[in-house]
Amino acid sequence: MKSDGMVLMAHGSGGKMARDLVEKVLVKALSNPMLELLDDSATVQFSGRLAFTTDSYVVRPIFFPGGDIGRLAVCGTVNDLAMVGAKPLYISLAFILEEGLPLAELEQVVRSIRQAADEAGVHIVTGDTKVVNRGAADRLFVNTAGVGMVPEGVHVSGSNARPGDAVILSGTIGDHGIAVLSRREGLSFDTELVSDVAPLAGMVAQMLEACPAIRAMRDPTRGGLASTLNEIAERSRVCIRLQERAIPVRDAVRGACEMLGFDPLYVANEGKLVAIVPAADSDRVVAVMRAHPYGRDAAIVGEVAEGPAGRVLLSTAVGATRVVDMLTGDLLPRIC
Amino acid sequence: MKYVTEFRDSDLARRLIERIHEAARKPVRLMEFCGGHTVTIFRYGIRKVLPPGIEMVSGPGCPVCVTANADLDRAIALARLPKVILTTFGDMFKVPGSCGSLQEAHAQGADVRMVYSPLDALRIARENPDRMVIFLGIGFETTAPTVAASILEAEKSGLENYFVQSMHKVCPPALKALADSGEVRLNGLICPGHVSAITGSQAWVPFARDYGLSCVVSGFEPLDVLQTVLMLVRQVEEGRSEVEIAYRRGVTFEGNAHARRILDEVFEPCDADWRGFGVIPGSGLKPGKRFERFDAAEVFDVDAGPVVEPVGCQCGAVLRGVVSPAECPLFRTVCTPETPVGPCMVSSEGSCSTWYQYGGGLEV
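The listed protein sequences correspond, in order, to chains A and B. FYI, in our numbering the residues of the first sequence are 1 to 336. FYI, in our numbering the residues of the second sequence are 1 to 364.
Simulated DEER-style distance windows between Cβ atoms:
no.	chain 1	residue 1	chain 2	residue 2	range
1	A	G164	B	S10	20 to 28 Å
2	A	F63	B	G250	35 to 43 Å
3	B	P269	A	G5	57 to 65 Å
Away from chain B, derived, C-beta distances all over 12 Å, residues of chain A:
no.	residue
4	S56
5	P65
6	P151
7	T221
In short, the hints are calculated from the structure, not lab data. Every residue, glycine too, gets a C-beta built ideally from N, C-alpha and C.
Between the sequences and the hints, there should be enough to build the whole structure, so can you do that?
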């Protein structure tokens, strides 16, 4: 298959060209014994409590500083599994390709999928490819689903936060959202910032080893830290109190947010997590996170309180307390 | 981070707050004209740390919010024209007009594109020579110069498919209308920072001289606003009404003469319709005679239909500082950022959206 070619409608026809694309581009790069069988379903050995999740990825542009849609599609699903304490095992991969997409770009995305899967210790075991007319998709869309195994004794859920618990954030917020925005058509600006997109399952396994009683974990993706904490506060019927000064934000993110009129609390992350842990274990968990490459800037950023239930409050730099609401609508850049 | 973190230092903030408490004796009512200041005040909870005798009122300084429905309707009608690409700042996308928004027009097939600068709109015009690219010129003295520069650039490069629908407004006439109405009694004014960077603090001299208002130009960080409040409280306590600058890193008395020259070259004053105020003479900017061929108001003839004002919406009174967002019966019930009734709930710097986002009126 010529790598200077492009995706044609025939690549989705089910005929020889479709088989060539699957075998020579996808299976070749993603190879493992389960995938190579190319049966209608993958069959895998499994025992224990299963975690199962799915997500679709439609990021624009598909290549951005620090990553691409392929790495995002693996990390997003791996992280969703990790957030309930599961060890991610198997991933499915489905593409919707826009006619005319350069094959070289598809190959680059697939290579990056392989790399992220290897890093996360997961196998791509099944997949699908469809091609749609030019204009019916934006270059390429990806769906991944994943399964993982939840270890005995682990019960992580957004409804488990209790008053007195500590709120831990794994690092700086807003890196992904601003890095992607910096390359978006009509908005591009120069920044040294790169996306934080990363698989967090390895760090989560070490955190659970240090503290099997972790109550809740979430990765603050779209909607940012503010929306994620609101969900936990609502589902656990507690109040979350944050210290603005404790929340790590890179200068480049702060600067871009000032320019665009955004609040970093609402900007997306793809390689960060927030964990609610019993206060007594919090220092130990932070120490484990800081020893891991994806948790170097981990910090306790707040605590869980009784009430008002369902509300997130923030102590500001001037010493006042204010409400932190969910993100409403889209983040749209301001005028002045 | 230079020029940002230093102005968020909590120890300095605490000291300023103490000094405000020491200085404030008389009750004072201060208006922040600019929506950017409203955001800072709510985002950092500044109202909550001030003495009870200091009352803060939000003003009309949000360019999206003061855009009249008739102008919004025209923008939406332009977007629906065949072969037109309407380019706009993000804030305008969701603002409801009489019937629908740009967002809805986009969903129905209109080519509406968000840009961060009019220069991006110029690029889109160059890349699409068979389309007509209209830039929605919204904003005060701050944004108008870049839009003027885009028209000059279009003229220089002979671009024939670039147009500006100018809805630009200038601040002093609106402030004068506010002061003349006597609806809100004010002691002092937190003068807009970015607008003053262009106009210079000289723009506020008539308000200090003729209306006895204490005026201080403020930056947008929490320490800027606290410093400004302290300076205003001192002026009021000492019976002074002068124009001072607390935002020296951005603003001078004279302002940016170069930007004003570009403004004067391209635009000429016109009457403009402000939500909540009605038509204010000489408060708008439109392309002058030489630039008529870039003026979408001259080039495109559209029927935007009858203007319908949203029932029960208090945006007009909120913009005049007569009621606070929480006093509007629609606030947080019918009107939310997801289902905005008026523009003040849409723009990121609108009073209602700021109150909503930062929990104005909620228990903490």
